[in-house]
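Student: Please take these sequences and the hints and turn them into a complete structure.
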Amino acid sequence: EAQVTQNPRYLITVTGKKLTVTCSQNMNHEYMSWYRQDPGLGLRQIYYSMNVEVTDKGDVPEGYKVSRKEKRNFPLILESPSPNQTSLYFCASSPSLGDSTDTQYFGPGTRLTVL
Amino acid sequence: GQQVMQIPQYQHVQEGEDFTTYCNSSTTLSNIQWYKQRPGGHPVFLIQLVKSGEVKKQKRLTFQFGEAKKNSSLHITATQTTDVGTYFCAGYLGNEKLTFGTGTRLTIIP
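Going line by line, the protein sequences match chains A and B.
First residue of the first sequence? That's 66 in the numbering used here, and the numbers climb one at a time after it.
First residue of the second sequence? That's 9 in the numbering used here, and the numbers climb one at a time after it.
Don't read these hints as lab results, they were simulated from the structure.
These numbers were taken from a predicted model, which means no experiment stands behind them.
Cβ atoms here follow ideal geometry from the backbone N, Cα and C, with glycine treated the same way.
Some hints here could point you the wrong way.
[To be verified] Cross-link-like lysine to aspartate or glutamate pairs, in silico, EDC-like; alpha carbons within 20 Å at most:
id, chain 1, residue 1, chain 2, residue 2
1, A, K134, A, D121
2, B, K65, B, D26
3, B, K67, B, E25
4, B, K105, A, E95
5, B, K105, A, D121
6, B, K64, A, D167
7, B, K44, A, D103
8, B, K64, B, D91
9, B, K44, B, E75
10, A, K134, A, E118
11, B, K65, A, D167
12, A, K136, A, D167
13, B, K105, B, D91
14, A, K130, A, E95
15, A, K122, A, E95
16, A, K122, A, E135
17, A, K122, A, E144
18, B, K78, B, E62
19, B, K59, A, D167
20, A, K136, A, E118
21, B, K105, A, D124
22, B, K105, A, D167
23, B, K78, B, D91
24, B, K105, A, E127
25, A, K82, A, D121
26, B, K67, B, D91
27, B, K44, B, E23
28, A, K136, A, D121
29, A, K130, A, E144
30, B, K67, B, D26
31, B, K105, A, D103
32, B, K105, A, E118
33, B, K44, A, E144
34, B, K64, B, E75
[Unchecked claim] A short, non-exhaustive set of chain A residues, derived as facing chain B with CB atoms under 10 Å:
id, residue
35, A67
36, D124
37, G174
[Claimed, not checked] Label-pair ranges, simulated between beta-carbon atoms:
id, chain 1, residue 1, chain 2, residue 2, range
38, B, Q66, A, S147, 38 to 44 Å
39, B, R46, A, T151, 38 to 44 Å
40, B, G61, A, T151, 27 to 33 Å
Tutor: Here it is in structure tokens:
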């Protein structure tokens, strides 16, 4: 089944404790992206990747890191989480970007709480 | 700041009534996509519009892309309880970033 998976789905942590949220897609998509969703603000892009070893900042990259060593995986790293990073996080992938037939496929989401 | 705005933020309608959400961009969009997110779920792609003035229909849903490619709308005729959720528009602002609107949360009163 074609899908985007994220782990963990739920996480409660404390300020300053490094964490990684994994994202994996099995559709051989080139483009992957991370979003955070907050009430009233919609979905805001954190980082995106056009292909392996190619990453770039989205609209709200501060406090986050990503890597793209393999095509299928795009982990999101919070080196020193803070309470303002409490949010619902979505990973997404698409075949490429800007093509008129491309859509974004979203993972199930990771609800993160930073105390 | 947010370059793609949606109104209204919330909409409560009686089952069977129509519903419309509007999406407005400060800059011209190369194309626009619409997504639906059910409560507790993740956004799911509905449709993409590319051409100026384009209109597409999916059963009770009608999507429009403005002539200037700066606005779009989603209209649902005769809403049903299965239409509950948050509807997002998303547009490419001429770069490689897909910018999402703020979303409209639709609730249905049975």
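Student: For every hint, state whether the structure bears it out.
Tutor: Going through the hints against the structure:
1. A/K134 x A/D121: Satisfied, since the Cα-Cα distance of roughly 14 Å is no more than 20 Å.
2. B/K65 x B/D26: Holds - the C-alpha atoms of B/D26 and B/K65 are around 15 Å apart, at most 20 Å.
3. B/K67 x B/E25: holds, 15 Å
4. B/K105 x A/E95: Roughly 14 Å separates the two Cα atoms, so the pair holds.
5. B/K105 x A/D121: Since the Cα atoms of B/K105 and A/D121 sit roughly 10 Å apart, the hinted pair holds (cutoff 20 Å).
6. B/K64 x A/D167: holds, 17 Å
7. B/K44 x A/D103: Holds. B/K44 to A/D103 sits at ~16 Å (cutoff 20 Å).
8. B/K64 x B/D91: holds, 18 Å
9. B/K44 x B/E75: violated, 24 Å
10. A/K134 x A/E118: Given that 20 Å is the threshold and the Cα spacing comes to 6 Å, the pair holds.
11. B/K65 x A/D167: holds, 19 Å
12. A/K136 x A/D167: Given that 20 Å is the threshold and the Cα spacing comes to 17 Å, the pair holds.
13. B/K105 x B/D91: Violated - the C-alpha atoms of B/D91 and B/K105 are around 28 Å apart, more than 20 Å.
14. A/K130 x A/E95: Cα-Cα ~19 Å, so holds.
15. A/K122 x A/E95: Given that 20 Å is the threshold and the Cα spacing comes to 16 Å, the pair holds.
16. A/K122 x A/E135: holds, 18 Å
17. A/K122 x A/E144: Distance ~16 Å between A/K122 and A/E144 Cα, so the pair holds.
18. B/K78 x B/E62: holds, 12 Å
19. B/K59 x A/D167: holds, 15 Å
20. A/K136 x A/E118: holds, 9 Å
21. B/K105 x A/D124: holds, 9 Å
22. B/K105 x A/D167: Judged against 20 Å, a Cα distance of about 13 Å means the pair holds.
23. B/K78 x B/D91: Status violated; Cα separation ~26 Å.
24. B/K105 x A/E127: holds, 17 Å
25. A/K82 x A/D121: Violated: A/K82 and A/D121 sit about 24 Å apart, past 20 Å.
26. B/K67 x B/D91: Given pair B/K67, B/D91 holds - Cα atoms ~12 Å apart, limit 20 Å.
27. B/K44 x B/E23: Satisfied, since the Cα-Cα distance of roughly 18 Å is no more than 20 Å.
28. A/K136 x A/D121: Distance ~15 Å between A/K136 and A/D121 Cα, so the pair holds.
29. A/K130 x A/E144: holds, 8 Å
30. B/K67 x B/D26: Given that 20 Å is the threshold and the Cα spacing comes to 13 Å, the pair holds.
31. B/K105 x A/D103: With Cα atoms ~19 Å apart, B/K105 and A/D103 stay inside 20 Å; holds.
32. B/K105 x A/E118: holds, 17 Å
33. B/K44 x A/E144: violated, 32 Å
34. B/K64 x B/E75: The given pair, whose Cα atoms are some 14 Å apart, holds under the 20 Å limit.
35. A67: violated, 13 Å
36. D124: holds, 7 Å
37. G174: holds, 5 Å
38. B/Q66 x A/S147: 38 to 44 Å: Cβ of B/Q66 to Cβ of A/S147: about 42 Å, so the range 38 to 44 Å holds.
39. B/R46 x A/T151: 38 to 44 Å: At 22 Å between Cβs, range violated.
40. B/G61 x A/T151: 27 to 33 Å: violated, 42 Å
Comparing the model with each earlier hint shows violations of hints 9, 13, 23, 25, 33, 35, 39, 40; every other hint is respected.
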